[in-house]
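We have chain V already, so just place chain G on it with the hints.
Protein chains in written order, with the working numbering: chain V, 1 to 243; chain G, 1 to 243.
Just so you know, the hints here were simulated from the structure itself, not pulled from any lab data. Model, not experiment: these values are computed from the prediction. Ideal placement from N, C-alpha and C gives every residue a C-beta, glycine not left out. One thing to keep in mind: the hints can contain errors.
Label pairs and their in silico Cβ distance ranges [unchecked claim]:
#	chain 1	residue 1	chain 2	residue 2	range
1	G	Thr-36	V	Thr-36	21 to 29 Å
2	G	Arg-32	V	Asn-113	31 to 39 Å
3	V	Tyr-133	G	Leu-243	45 to 53 Å
4	V	Asp-10	G	Thr-216	20 to 28 Å
5	V	Ser-61	G	Glu-167	31 to 39 Å
6	V	Asp-169	G	Glu-140	47 to 55 Å
7	V	Ala-222	G	Asp-26	24 to 32 Å
8	V	Ala-171	G	Glu-167	37 to 45 Å
9	V	Asn-202	G	Glu-140	48 to 56 Å
2 protein chains.
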Amino acid sequence: MTYCVGLQLDRGLVFMSDTRTNAGVDNISTYRKMHTWEVPGERSLVLMTAGNLATTQAVVSLLDERNLAPSDRNPTLLTAPSMFQAARLIGETLRDVIATQAGTGPKAAATFNATMIFGGQVKGSPPRLYMIYPEGNFIEAQRDTPFFQIGETKYGRPILVRAYDPEMDFARAVKLLMVSFDSTIRANLSVDTPLDLQVYENDRLELGYSRRIENTDPDWRAISEGWSDALRRAFDSLPDIAL
Amino acid sequence: MTYCVGLQLDRGLVFMSDTRTNAGVDNISTYRKMHTWEVPGERSLVLMTAGNLATTQAVVSLLDERNLAPSDRNPTLLTAPSMFQAARLIGETLRDVIATQAGTGPKAAATFNATMIFGGQVKGSPPRLYMIYPEGNFIEAQRDTPFFQIGETKYGRPILVRAYDPEMDFARAVKLLMVSFDSTIRANLSVDTPLDLQVYENDRLELGYSRRIENTDPDWRAISEGWSDALRRAFDSLPDIAL
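In isolation and in its complexed conformation, chain V is listed as follows (with noise of 0.2 Å):
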């Protein structure tokens, strides 16, 4: 599995994402899930898959193959003239993958199925997140619908949907992401360390601050153990039951 969050605060957007992949519990490898484009001064793009990985890697393979050979009949991501063209483009390219592994040759099990959350800004219109489906149709954040999750959502989302302030900065929102991570990776084989983060920031139009997070890093570490602390002491502080 896999576990990305994507984050539409009002200064601007946070993504984090894990890299763990699996294909049974006896092979599992380290991908990087979070795909970044940039025209500095034009457009800031942040991609996160989930899903198969062959059809992901082929997905971002086709876009990126598209930006070097652009032409006037097939827009790329890097001249899209909008975050939703931008975004039906991928939709479009993880349709037709999919169609393409699904419709040939010896027949799998496992879907080819991926699921993405999209987002940036491009110049002109403001910051939008999206999310993608194996279909190819996607939906966009909304202040009532702040965050999207893709991969192993259920054990992160109760912190998310509690401690989520709209206004809140970029440092506690990456710290509300690592709590969230944090609890998924305890309860979840299929998700773990590094994680990749970035940040963007309302109408930079270049990519903000980014970073790998190992299981070493001192704040993941500072985050995980204590919050595990501050979890028993939020149950202890609750009133007690009479039975």
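Below, chain G without anything else, positioned relative to chain V:
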């Protein structure tokens, strides 16, 4: 869906189940998923069910009917010589019901599967806690895996993993289960109050404290609202991250 948890403590067993059943999102009902049997001084049994409601109701009805017409060749829940034999009886009944429903008549898109948590004590041996699979086989809780969850298990797992302590008293265990259920209910429409609670104290051989917890229950409200605040305070108490 459903959410049920059975906890094994040093001093006994604690069971909690929700009551929401749904066939799609437009057909939602309240059904008790916790069933108990006892022969005071001799045995106390608790069964919680998740999965196809027709299957679980049929299993419980068959178990009850057998109790009314016992025979030497067919042991019943009230005469099985051990918890192991009682679990076997439930497992066989479950497997037979699923096989009957799945093998005949019109085919349904939904499966007829169900999973169950079964615990209690029969005089002469220690209390036991089992998870019973649709195939009829089952596993027993041990010191390393001291609780079972069925249904919508992921949202409520992180707090169980972190705050469970085999030495905790019943009041604290109930508080822990309430937090775990609250996390699940807030994140998922398919689990909801009222909740059923049953406590069994080792070697008492009669069912102990039980309670139906409505949404308006003062303890439940205190935990549910207190947990939001406590969680936010816990989050605030974590060290800040420098980006």
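To see whether the hints hold, each was checked on the structure:
1. G:Thr-36 - V:Thr-36: 21 to 29 Å: violated, 57 Å
2. G:Arg-32 - V:Asn-113: 31 to 39 Å: holds, 38 Å
3. V:Tyr-133 - G:Leu-243: 45 to 53 Å: Between Tyr-133 (chain V) and Leu-243 (chain G), where Cβ atoms are some 31 Å apart, the hint is violated.
4. V:Asp-10 - G:Thr-216: 20 to 28 Å: Since the Cβ atoms of Asp-10 (chain V) and Thr-216 (chain G) sit about 36 Å apart, the hinted range of 20 to 28 Å is violated.
5. V:Ser-61 - G:Glu-167: 31 to 39 Å: At 55 Å between Cβs, range violated.
6. V:Asp-169 - G:Glu-140: 47 to 55 Å: Holds - the Cβ-Cβ distance for Asp-169 (chain V) and Glu-140 (chain G), about 49 Å, lies within 47 to 55 Å.
7. V:Ala-222 - G:Asp-26: 24 to 32 Å: violated, 46 Å
8. V:Ala-171 - G:Glu-167: 37 to 45 Å: holds, 38 Å
9. V:Asn-202 - G:Glu-140: 48 to 56 Å: The hint (48 to 56 Å, Cβ to Cβ) holds, given that Asn-202 (chain V) and Glu-140 (chain G) are roughly 55 Å apart.
Hints 1, 3, 4, 5, 7 from the list above are not met by this structure, while the remaining hints are.
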